[in-house]
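Every letter in the sequence shown is one number past the one before it in my numbering, and letter 206, counting from 1, is 206.
Quick caveat, the hints were computed from the structure, so don't treat them as lab data. Since the model is a prediction, treat every value here as computed from it, not as a measurement. A portion of the hints provided could be inaccurate.
Claimed, not checked - Label-pair distances were calculated between CB atoms; the ranges are:
#1 Ser346 with Phe571: 44 to 54 Å
#2 Lys157 with Glu227: 47 to 57 Å
#3 Ser346 with Ala240: 23 to 33 Å
#4 Ser538 with Phe426: 24 to 34 Å
#5 Glu582 with Arg516: 45 to 55 Å
Here a beta-carbon is modelled for each residue, glycine too, at the ideal position from N, C-alpha and C.
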Amino acid sequence: MKNLLSLLPYLGRYRTKLFAGFAFIILTNLFAVIGPRYIRLAIDSMNGSFLIEHVLQNTSLYVLFALLSGFFLFLVRQSIIVTSRHIEYDLKNDYYRHLQRLPRSFYDSTSTGELISRGTNDLNAVREFLGPGIMYSLNTFFRLLFALAAMIALSPKLTFFALLPAPILSWSVYRIGRSMQKRSKSIQESYAAITNLVQENLSGIRIVKSYTREAFEIDRFEKLNREYYGKNLSLGKLQALFFAFLTSLTAFSLLPVIWIGGKSVTEGTMTIGGIAQFIVYVTMLGWPIISIGWVTSIIQKASSAQARLDEIMGMQPEPGTEGTAESVDAPQQKGASGTLSFRDISFSYPGNEDRPVLEHVTLEIKAGTKTAIVGATGSGKTSLVSLIPRLYEPTGGAITLDGQDIRSLPLEKLREQIGYVPQVNFLFSDTIAHNISWGSRRSSAEEVLEASRTAMLHDDIQDFPDAFETMLGEKGINLSGGQKQRACIARAVAWKPRILILDDALSAVDTATEARIFDALLQELPDTTVILISHRISTVKNCDRIIVLKDGHIAESGSHGELLEHQGIYFELYNQQLLEEEILSLS
1 MKNLLSLLPY LGRYRTKLFA GFAFIILTNL FAVIGPRYIR LAIDSMNGSF LIEHVLQNTS
61 LYVLFALLSG FFLFLVRQSI IVTSRHIEYD LKNDYYRHLQ RLPRSFYDST STGELISRGT
121 NDLNAVREFL GPGIMYSLNT FFRLLFALAA MIALSPKLTF FALLPAPILS WSVYRIGRSM
181 QKRSKSIQES YAAITNLVQE NLSGIRIVKS YTREAFEIDR FEKLNREYYG KNLSLGKLQA
241 LFFAFLTSLT AFSLLPVIWI GGKSVTEGTM TIGGIAQFIV YVTMLGWPII SIGWVTSIIQ
301 KASSAQARLD EIMGMQPEPG TEGTAESVDA PQQKGASGTL SFRDISFSYP GNEDRPVLEH
361 VTLEIKAGTK TAIVGATGSG KTSLVSLIPR LYEPTGGAIT LDGQDIRSLP LEKLREQIGY
421 VPQVNFLFSD TIAHNISWGS RRSSAEEVLE ASRTAMLHDD IQDFPDAFET MLGEKGINLS
481 GGQKQRACIA RAVAWKPRIL ILDDALSAVD TATEARIFDA LLQELPDTTV ILISHRISTV
541 KNCDRIIVLK DGHIAESGSH GELLEHQGIY FELYNQQLLE EEILSLS
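Can you build the whole structure from these sequences, using the hints too?
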């Protein structure tokens, strides 16, 4: 239950509507309890000689109060249930906004399916508590309060016997409620596992089909679905037992009322109309008592769901992202000049602190220069450039931009200076034009065209039926690997960054195209600081400086000519690639 206290700020935003709903609940129950009084008067007026006008008058008043109760119940739903939808809207926005601000390391250890599950299934469980949960809880409370007051006014003795099952009810709600919470949490975890499996399989459907593993994946899904089904069935059986038990308690409470009430009528201490009114009140309590089980289930589910949401919402966002809005404009070559300094940098991935990826790296990259980083797989190249936009934080040392520690800069202001093309390309299911201008929706059509020409993608785009308005499939499936890379490069160029990072971003294009793209980049962004990671010597040899990494250290540094003269690691890579080219030319 304490998990649900985090919803108080959201409830506070809509307190006017909620207070109105609170008033409507009081009114609907007040009119509902007043109505049976006229049933007593109508029945008692039939004793002996009676006037039909009295019966019709009392019956009409009962119908009137029933209509008033129904009208205010409608207003209750219009206020509380509608408010729950507003809060659901706010919760989803806040949840998604928070996900956008979480650090890269969080996504390295959290599955997409898990996040989707919490943002859909768990949020829906919370919404049910905010709507039906609150509404029926208040309605039950006031129905019991008003009905019991009316019952005591009629006969304290009958009220006592009618309430005999109450202690059993309280104990059962407590015991079964705890069991419901545990089962609800287990169900939500199973749903998250199913969501994650489906998301992974649909994203990797081409791999599944390539290896003919459809049957294997179907079996995995059936196993998880069977487990999810079993848990829901178990909870459903418990709820059914609980509701049946509550209904039985309500029915049994009528037996002493009818027996003792009947004796009271024969003794003349109570009228038949009074007994009828009392039985209406007892029956009126039937649904509120039954709804206790339903509301208990809703609250337990919501408590488990909110606890799972709080785990995500409690994660610390990236430093510098709190309270900032996303920029929609390109930096337009303003801000930093582009000089980067790495001062005694060390880095380990979260959870692997005992296995450093970078150790004591000191390096300066001057503004406007073109720097290449080469080295064997696992030498730390990608890790090093990932620290520049603060996708990760160094475990030691500092990085400065134009002499200022990047940790002191607002994260948004830092990243809007940087164009980053990672190894793994990602394109949105949108038009090619929007994918290129995605960094800044205000990029003009001419800027998009120019960026595509720089990336050597323009001619390829013209071959599509709708050219730049061609809709891409999921992750750009209708583009080749080289076209995807060039589209991502065009996106970075359109952003007009002060610092451009190309992390093996030209690996899927041939050497000649790679050279043309790199030359075009130098012409389009002459003052931009370019950091290029590549395995091809033919690409990096024209850079101002080449950094050779080995086991997280800078092993060599210099120009292409200087490194060849040094005859170290770079020299060996150069000769190896020359030999490979000769073998290919002979084959």
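Against the structure, the hints:
no. : hint                           : verdict
1   : Ser346 with Phe571: 44 to 54 Å : violated, 28 Å
2   : Lys157 with Glu227: 47 to 57 Å : holds, 53 Å
3   : Ser346 with Ala240: 23 to 33 Å : violated, 60 Å
4   : Ser538 with Phe426: 24 to 34 Å : holds, 27 Å
5   : Glu582 with Arg516: 45 to 55 Å : violated, 23 Å
Checked against the numbered hints above, the structure breaks hints 1, 3, 5 and satisfies the rest.
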